[in-house]
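**Q** Chain order of the listed sequences is A and B.
Those letters in the first sequence? Residues 1 to 542, by the numbering used here.
Those letters in the second sequence? Residues 1 to 311, by the numbering used here.
It should be emphasised that the hints constitute simulated quantities derived from the structure, not laboratory data.
Incorrect hints may appear among the rest.
Straight line, CA to CA, 20 Å or less: simulated EDC-like cross-link-like pairs of lysine to aspartate or glutamate [to be verified]:
#	chain 1	residue 1	chain 2	residue 2
1	B	Lys-132	B	Glu-81
2	A	Lys-322	B	Glu-148
3	B	Lys-132	A	Glu-189
4	A	Lys-406	A	Glu-278
5	A	Lys-322	A	Glu-527
6	A	Lys-322	B	Asp-152
7	A	Lys-393	A	Asp-461
8	A	Lys-322	B	Asp-160
9	A	Lys-393	A	Asp-514
Quick caveat, the model's predicted, so the values are computed rather than measured.
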Amino acid sequence: MLTLIRGGRVIDPAHGRDGIGEVWVEGDRIIAAPESRTPDHVIDATGMVVMAGAIDVHSHIAGGNVILSRLLLPELHVNELGDPNRPFGSACGSAAQTGRLYARMGYTTVIEPALPPSAALATHLELEDVPFIDRGALTVMGNDDQLLALLRAGESRTAVRDLTAQTLALSRGLGLKVINAGGAAAFKENVRTFDLDDEVPSYGLTSRRILTALLDAHEAVGVPHPLHVHCNNLGAPGAFETMIETMRTAEGRPIHFAHAQFYAYAAHTAGGISSAAETLCAALAAHPNVTLDVGQVVFGQTCTISLDILRQFSARGAADPKKWIIVDGDAEGGGLVPFNYKRGSVFNALQFMIGLELFLLSPDPWRVLLTTDHPNGGPFTAYPRLIHLLMDKEERTRELANLPSKAVARCGLSAIAREFTLAEVAIMTRAAPARLLGLADRGHLAPGAKADIAIYRDQADRTAMFSIAALVLKDGETIVREGAVAAVHRGRTLTLAPQADAAMTRRTETYLQDRFGRGLDSFRVPEAAFARDVFAPQPCRV
Amino acid sequence: MEALRAAFRLAQASGAALDGSDLDGAYSELSVLAASGAMATTPAEARARADLLLLVGRATDHAVTDFTCAGTPPRQAAGTERRVIALGGIRAGAEAMPAPAGLVPTLGLLRAALASRPSARPEHADVARALKGARFGVVLYDPAELGEMGVDMVLGLMRDLNATTRFSSCALVEPAARLVVAVSAWTLGQAPRSGLGRGVPEHDPWRFNAERQVCSGEADTLVWVHPSVPPPAWTRSLPALALLADPRGDEADIVVAVAAPGRDSAGTLWDAERATMTFRPATAPRTDRPAAAVILDALTERVTMERGHPC
Ligand SMILES: [Zn+2]
Chain A
1 MLTLIRGGRV IDPAHGRDGI GEVWVEGDRI IAAPESRTPD HVIDATGMVV
51 MAGAIDVHSH IAGGNVILSR LLLPELHVNE LGDPNRPFGS ACGSAAQTGR
101 LYARMGYTTV IEPALPPSAA LATHLELEDV PFIDRGALTV MGNDDQLLAL
151 LRAGESRTAV RDLTAQTLAL SRGLGLKVIN AGGAAAFKEN VRTFDLDDEV
201 PSYGLTSRRI LTALLDAHEA VGVPHPLHVH CNNLGAPGAF ETMIETMRTA
251 EGRPIHFAHA QFYAYAAHTA GGISSAAETL CAALAAHPNV TLDVGQVVFG
301 QTCTISLDIL RQFSARGAAD PKKWIIVDGD AEGGGLVPFN YKRGSVFNAL
351 QFMIGLELFL LSPDPWRVLL TTDHPNGGPF TAYPRLIHLL MDKEERTREL
401 ANLPSKAVAR CGLSAIAREF TLAEVAIMTR AAPARLLGLA DRGHLAPGAK
451 ADIAIYRDQA DRTAMFSIAA LVLKDGETIV REGAVAAVHR GRTLTLAPQA
501 DAAMTRRTET YLQDRFGRGL DSFRVPEAAF ARDVFAPQPC RV
Chain B
1 MEALRAAFRL AQASGAALDG SDLDGAYSEL SVLAASGAMA TTPAEARARA
51 DLLLLVGRAT DHAVTDFTCA GTPPRQAAGT ERRVIALGGI RAGAEAMPAP
101 AGLVPTLGLL RAALASRPSA RPEHADVARA LKGARFGVVL YDPAELGEMG
151 VDMVLGLMRD LNATTRFSSC ALVEPAARLV VAVSAWTLGQ APRSGLGRGV
201 PEHDPWRFNA ERQVCSGEAD TLVWVHPSVP PPAWTRSLPA LALLADPRGD
251 EADIVVAVAA PGRDSAGTLW DAERATMTFR PATAPRTDRP AAAVILDALT
301 ERVTMERGHP C
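The task is simple: from the sequences and hints, build the whole structure.
**A** Okay, here's the thing in structure tokens:
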């Protein structure tokens, strides 16, 4: 079927396009305007904004810890209303609802940032049940015994590369993530604080050493998405210094920092924190190899989910309501601590403002991406409101008026006049995340791209505009119309498929048998385990 | 996995309530988890790392315990000897710690000994010292045996010990129960014992307990999906369909022989020792038995047609 979208303002920053124009779609792809063909279907987008489908690089939507968060806080997902014809899609906190809520906002690709290799199959089965969107997941390394033992033994870079390639292939990750490198391993040995140069006791390895080894391996394997790093010292006053030091450690190699807001804290002389967003943005300007996502805080109840068990254990005292889970897993495991971010709290208000400050002081919208680290800073459904605040200084002033003046004084936000343009929003939520993930077929509207398209009614109320897309196409199919489901679409799971080394495969088989009483077969994510043809392999860099 | 997903689809189409076949243990754990949280580890991690294992009650004699206690732990802290203590049970190679007061009260007395409270008993001093001195200790227990009070006591013990050292726990729960809880959590946003009669899932562990619903007469039909476990006696009071791998034929009004996943056909199952899902190829493949999911989906199609609802 040939579809023409016409009359709308087409915003495609990847190709410098911003103006009234046409987008042609045939099948699941965007095509060049044909010479002399009549479209089968015309979408009149007059008064609307046409963008590529949005992409979320960091949102915890599946896996054992997400399951535990539902069981820890059943009261958070009580159903009152719903569409009786779609009980799963309207079930609060279900995978079906996650897909539907993303699609409604015009999101068509979402990355789950914590794929534990030992529980990869379970995570992928849950991701399969997230409808509408394409998914991908980042394989977590950096606390697993096989890697640490290999580093302790001083094995070659080639060996570390081979193990990394194999772990990625076995777990079907789209990228590589490291979470407080060595921190979980150290916590199991009763270490309670862990900085970049602290050692994991029984391995004699510093966090910096593990991180550097993974940066090398990441480059050698040719993973398109930069190493995705959750630094040490999350949430600590002074954590910005850890992040800047970690930037230096990368020595120019591509590196992505997850939920930077949680590190942009300086210790205030009068106690508590003040904003370090300006310093962090200056460091970002000085390190063009660095990207980050913000992890914006949103006021309200949530449940934080992290594989950083050392940090989550130390945060347990702040649990609200007073219950928490720590799982010492095979490598990281997970920690779940409910938080209630309150407007009246100086600390929470600062977290909220520091996040916005990071966006607004950012030297480059291509390198600072929109996330709430769902659900850690708050739910992804807050994105439209956050876009509104970034685009509208007056709206921010109104928001700040409700925050404690002590917090407002410790942060530069109130003095910032910058307002994001729609083109910058399209960069931050489409073009930049696609480029960052190495996904050339999305995040833009040029011929050849996937026909993942979001059409919004251009309104001054940006919250309303981005909350409910007028029309969303996924793979050329209309899946959302005026925010309602038009057709249930089953997306794919994007993976890498690096070549595994035969010798490393044999070593790993022996290691796993010894460690788990199970071989590689027990850890595989075979296609036969899935109801549909679910995986879409992406190439590595050569 | 596929049978479970299909069962959820059937429940959605028919407005049924969903329960797990053996959730008593899981529920003792889940209700404590929802009230206070948990500290847990995997049997595989315990096997590799624990320098102290405290086996409580029935956990002294359990296949997962055999796995956990086997071999030399490769990740155990240097210079430590693994110590295995069997509380209220006997196990070869384990020190027996009697629990004449009962398992849960004895766990309480151990906590008292750890905190040097007046109620502490002198005979618990050695074990309390061992628990405190462990580098990475693990308690293995059966939540069905301990009940909610007992699970809460284990969690309290974990919290006390982790103030100064590292300790965790493994609840020995039926693998099928773990699988249904996981799939239910992502499908409904809630644990099983949820009802779909009102269009959206309603989670209520008391109301949607299948045994209670059947015995009280609230339910008028039952579909039993568990290839390896026949339906219990209480299901005989109402019209029932059972999908079983090795049926006698008289387990329910209608019995359909289905493929056993991991034996007759490949399938995703729960690996209790790794505490996650795993794919098992068929050990003795046969094609004359339909997958349970196929039967359930055929029912869903029929129900949907008759009710006139979209899927
Ligand atoms: Zn995260």
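**Q** Check whether the Cα positions of Lys-322 (chain A) and Glu-527 (chain A) lie no farther apart than 20 Å.
**A** violated (41 Å)
**Q** Hint check: Lys-406 (chain A) vs Glu-278 (chain A), CA-CA at most 20 Å. Holds or violated?
**A** Measuring from Cα to Cα gives roughly 18 Å; hence the hint holds.
**Q** Mind checking the alpha carbons of Lys-322 (chain A) and Asp-152 (chain B) for me, to see if they're no more than 20 Å apart?
**A** holds (14 Å)
**Q** Below or equal to 20 Å on CA atoms is what counts here, so check Lys-393 (chain A) against Asp-461 (chain A).
**A** holds (13 Å)
**Q** Given the proposed pairing of Lys-132 (chain B) with Glu-189 (chain A), does the C-alpha separation stay at or below 20 Å?
**A** Since the Cα atoms of Lys-132 (chain B) and Glu-189 (chain A) sit roughly 14 Å apart, the hinted pair holds (cutoff 20 Å).
**Q** Check the hint pairing Lys-132 (chain B) with Glu-81 (chain B) against an upper bound of 20 Å on the C-alpha distance.
**A** With a Cα-Cα distance of about 15 Å, the restraint between Lys-132 (chain B) and Glu-81 (chain B) holds, given a limit of 20 Å.
**Q** CA of Lys-393 (chain A) to CA of Asp-514 (chain A), is that 20 Å or under?
**A** Violated, because 59 Å separates the two Cα atoms, which is more than 20 Å.
**Q** Compare the distance between the alpha carbons of Lys-322 (chain A) and Asp-160 (chain B) with 20 Å, and conclude whether the hinted pair is satisfied.
**A** holds (16 Å)
**Q** Are the Cα atoms of Lys-322 (chain A) and Glu-148 (chain B) separated by 20 Å or less?
**A** Between Lys-322 (chain A) and Glu-148 (chain B) the Cα gap is close to 18 Å, so the pair holds against 20 Å.
The structure fails hints 5 and 9 (numbered hints given earlier, in ascending order).
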